[in-house]
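Student: Going down the list, the protein sequences come from chains A and B.
So for the first sequence, this note's numbering puts the first residue at -5; every next one is plus one.
So for the second sequence, this note's numbering puts the first residue at 129; every next one is plus one.
Among these hints, one or two may not hold up.
Between beta-carbon pairs, the in silico distance windows are [said to hold, decoys possible]:
| id | chain 1 | residue 1 | chain 2 | residue 2 | range |
| --- | --- | --- | --- | --- | --- |
| 1 | B | Met260 | A | Leu60 | 20 to 30 Å |
| 2 | B | Arg246 | A | Trp27 | 25 to 35 Å |
| 3 | A | Gly53 | B | Asp247 | 49 to 59 Å |
| 4 | B | Ala158 | A | Pro59 | 23 to 33 Å |
These are computed hints drawn from the structure, not numbers from a lab.
Using N, Cα and C, we set each Cβ at its ideal position, and we do this for glycine too.
Chain by chain, the residues:
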Amino acid sequence: MGDWVIVVVIGVGTYLLRLSFVGVLGTRPMPQWAEQPLRYVAPAVLAALVVPAVVLSDGRADITPLGNPRFVAALVAAVIAWRLKGVAGVIIAGMGALWILQAIG
Amino acid sequence: MFDGMRSVAPLLVGVIPFGLIFGVTAAGSAVGGGLGYATSLIIFGGAAQLAAVQLFTEGAAAAVIIATALVINARHLMYSAALAPHFREFPRVWRLGLPYILTDQVFAVTIIKYETERDPVYRRWFYVGGGMALWIIWQITTATGVVLGASIPESWSLDFAIPLMFLALLVPALRNRPSILAAVVGGVMALVAHDVAYNLGLMIGAVAGISAGVLGERVGRRG
């Protein structure tokens, strides 16, 4: 399958997910078997995106400050995210921590 | 309409760097700038776009790329269900067009606004204002990122801003014990499965995390 076809299939599928209840299924309530798992899509998917990205270094799990400064920088950013609201502060803190660690290391 | 724009404005602080970085990442990957930017028009969902670009680069199978992106976007089902009773009073053309510009941010501001605003005309223009503001910013920033592409030095490690942004969204999503469980299991499983065949790591993490959340909720209710 060509790359463009794949993107179009994802695009159409995403539109249909957005359209689902608004356009077709109307105001019938969502069945509980569907509603309950959807509540956990955000934490599960976001963690599945974040954890490998900050723990893996050259394809291997590494959480030592010298081997993988990204993990330590992510911890700093996580504390900021927990204490403060807003995305900008988290990105600034995390990038700042990474640059400092890279400059030292 | 301007009310809608004003309501999403603070949320753009996160969207602008994300869009730029997505564009830079896509342009520097095997996907290339053209198709990379096209995902902004065709898919219009940052996390799914990013996962798709990552999987394309790793040479994943078509079915895996499609399934992973659609699992990430499954949350829109929930938004659609919540908006449906309010959108019912809109003309049909609006009901078909409005879902295209649905995003996490617009859903969040709209559903709160609709608690107090009853006028259907105000309601749809509020949504259009928020939705279009985000859509335009996303198109501009991702396209700019594609153009900047290679001119940003790798030593800046700008790609690290993407997991940071997801982290910033993840922490407030940890509202109760089942959602913390969903995140822990999702993250650990994605890590363990990162080099599993067919690039299914992200899918495995997502499905395992969602299942853990559901189970956790059931156990918690019984106990």
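Student: Broken hints, numbered, in rising order?
Tutor: 1
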